[in-house]
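Student: Sequence:
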Amino acid sequence: MYLLDWLQDPTALVGLFTLVILEVVLGIDNLVFIAILVDKLPPGQRDNARIIGLGFALIVRMIFLSCMSWLLTLTNPLFHFSIFSGRDLIMLTGGILLLFKSTVELHDRINGNVSEVIGARVYASFWVIVAQIVVLDAVFSLDSVITAISMVDHLAIMMIAAIIATGIMILASKPLTIFVNTHPSVVVLCLGFLLIIGFSLISESFGYIVPKGYLYAAIGFSISIEALNNIYRRNLSKIDTRRPMRERTAEAVLRMLGKRTVVNDDYESINTPSLNTNDFGIEERNMVSGVLTLAERSILSIMTPRTDISWVNINETSETLREQLMNEPHSFFPVCKGSLEEVVGIGRAKEMIINLATDDGRLKLDKLREPVIIHESTSILKLMEMFKRSRVQIALVADEFGEIEGLVTPIDVLEAIAGEFPDEDELPTIIEDGTDRWIIDGSADLHHVEQVLEIDWLINDSNDYSTMAGYLLANFGALPNIGDTWEYIAYNGTFKFEVLKCDNRRISLVRVTKLFLDNLSCIE
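Each residue of the sequence shown is one higher than the one before, counting from 23 in our numbering.
Hint data in this document are derived by calculation from the structure and do not stem from the laboratory.
Check before you lean on any hint, since a few could be wrong.
[Said to hold, decoys possible] In silico DMTMM-like pairs for lysine to aspartate or glutamate, Cα to Cα no more than 25 Å straight-line:
no.	residue 1	residue 2
1	Lys389	Glu373
2	Lys518	Glu442
3	Lys386	Glu398
4	Lys372	Asp434
5	Lys386	Asp434
6	Lys536	Asp388
Just so it is clear, the structure is predicted and the values come from calculations on it, not from any experiment.
Let the hints inform the model, and build the full structure from the sequences given.
Tutor: Structure, rendered in C-alpha cells:
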C-alpha cells in the first residue's frame with residue numbers, strides 16, 4: 023500500500039476523525055493546566071507561551087509516535103527485580119509533578135499572594151513556563167499516544183490527528199484561559215481535577231487502575247454544580263445592578279473601610295475585610311458614611327425641630343428681648359410676630375442689641391434680612407448650594423400647609439457628616455452611660471444613633487420618622503408610659519429601649535442597653 027492509499031479507505035478516515043476527537047478530549051486537562059500556567063506571565067507574553075509551548079509539545083508527540091516500537095515495550099518491566107516498566111516510571115514522575123504543581127497552585131489561590139495584594143505582582147520566566155507546558159503535555163499525551171497506536175495502523179494518520187488536535191488546542195487555549203482566569207472558583211475546581219488526575223497517574227503506575235469513567239463522571243458532576251453556582255452568582259449580580267449606583271458604591275466603600283458586619287435577613291453575619299485598627303478610626307468611618315449617605319437623607323433628619331427653635335417675638339418688650347438676646351448663644355434669630363408662621367425676617371443678634379439700646383428701643387424691621395423658607399422635601403445638596411449663594415445662614419423648613427417644622431443651618435449639615443457640635447445651651451443627644459448602655463434624647467437623629475451604636479437597622483425608607491422618638495412611637499404604636507420597654511433582636515445581641523421621660527406627648531429621653539447572649543441567659 024502506498025503512503026497515501028489510506029485516504030481512499032473509509033475506515034481509515036473514520037479512525038482519523040475518532041482519533042482527533044479522542045486527542046482533543048484527552049487534552050482538555052492539559053489545556054486547563056496551560057491556562058493556569060500562562061497566567062503567571064506578563065499579559066503580552068501569554069499568547070506566545072501558549073503557541074510555542076504547544077508547538078514544542080507537538081514535536082515531542084511526533085517523536086513519541088515515531089518511536090512506536092519502543093513505546094510498545096514500555097509496558098514490559100524495565101528491571102528484572104522490579105515490576106515497574108518505563109511507562110510506569112513516566113506515569114509516576116508525571117503524577118508526582120502534577121500533584122506538586124496543583125498543590126502549590128491551590129495554596130497560592132486559597133491563601134492569596136502577598137505581592138498581588140500590594141500591587142507589585144512578580145511574573146515567572148517565559149522559558150520556564152514553556153518548559154513546564156512541554157513536560158506536562160508529554161505526560162498527558164502518553165496515554166493518547168499509546169491509545170492511538172492501539173487504534174490505527176498508519177503512522178501518517180496518527181501524526182495528522184496529533185497535528186489537527188494540537189491546532190484545535192492552540193485555538194481553544196486562549197478563550198479557555200480567559201474564561202478560567204475570570205472565574206476564580208473555576209480555577210480551584212480545575213486544580214482539584216488535576217489533583218485527581220495526578221493521583222490516578224500514580225495509582226496506575228503501581229498497577230492500581232482507576233476506571234476513567236469514574237474520573238469523568240466525578241469531573242462532569244463537579245462541572246455541572248459549578249455551572250449552577252455561576253448561574254446563581256450571575257443572577258445575583260443582575261439583581262444587584264437594579265439597585266441605585268449610589269447605594270452600591272456607598273456599601274462598597276464602607277465595606278473597604280471596615281464599616282460594620284453586614285447582616286442578611288436570616289441573621290447570618292457576613293464579615294467585612296479585616297483591616298488594621300490603626301488604618302481607619304470609627305470617627306473617620308462615620309465621616310465617610312455621612313458624606314456618602316448625605317444625599318439620601320431628608321432635611322427633617324438634620325434640622326432643629328420647631329420645639330427647640332430660639333426665635334424673637336417683636337411683640338415682647340424691649341427689656342425682655344434684650345435679656346433673651348444677651349443670654350442666647352446664637353448669632354442669628356428668626357424674628358416673628360406672635361408665632362413662627364409670622365416670620366418677618368432674620369436678625370443678627372449683635373445688630374438687634376444695638377437697636378434695642380438706641381433710639382426708641384425697638385427693632386428696626388428694615389434692617390432685617392429676608393427670611394429663607396424651604397419645603398421639607400428639599401434635598402440637602404440643594405440646601406448646601408443655597409447656603410453658598412445666600413447671605414443668610416438660616417433656613418426655615420415648612421410643610422405643605424406652610425407651618426414651620428424646624429430650622430436648618432450650615433452647622434446642621436456639618437453635624438450630619440462629622441457628628442454633633444453642641445451649642446452652649448445644648449447637651450449631646452447621646453451620652454454613654456456605662457458599657458453598652460446609652461442615654462439618648464428623643465430628638466436624636468437616627469443616622470447619628472446608628473453610628474454611635476454601630477448598627478444599621480434603625481432607618482427604614484418606607485417610614486417617615488427620622489428621630490429616636492419617632493422610631494419608638496412607630497414600634498409602640500402609641501405614646502408609651504415611663505418605664506415601658508421595647509426590644510430588638512439583632513444578630514449580635516438584643517437591644518433594649520426603655521422610655522425614661524416624656525414631655526408634652528413626646529418621648530424626650532430613652533435608655534438603650536445592648537444585651538449579649540450571655541446577659542440574656544443570666545436574665546432568664
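Student: Taking the hints in turn, state whether each one holds.
Tutor: A quick look at each hint next to the structure:
| no. | hint | in the structure |
| --- | --- | --- |
| 1 | Lys389 x Glu373 | 9 Å, holds |
| 2 | Lys518 x Glu442 | 24 Å, holds |
| 3 | Lys386 x Glu398 | 30 Å, violated |
| 4 | Lys372 x Asp434 | 22 Å, holds |
| 5 | Lys386 x Asp434 | 29 Å, violated |
| 6 | Lys536 x Asp388 | 55 Å, violated |
Consistency with the previously given hints fails for numbers 3, 5, 6, ordered from lowest to highest.
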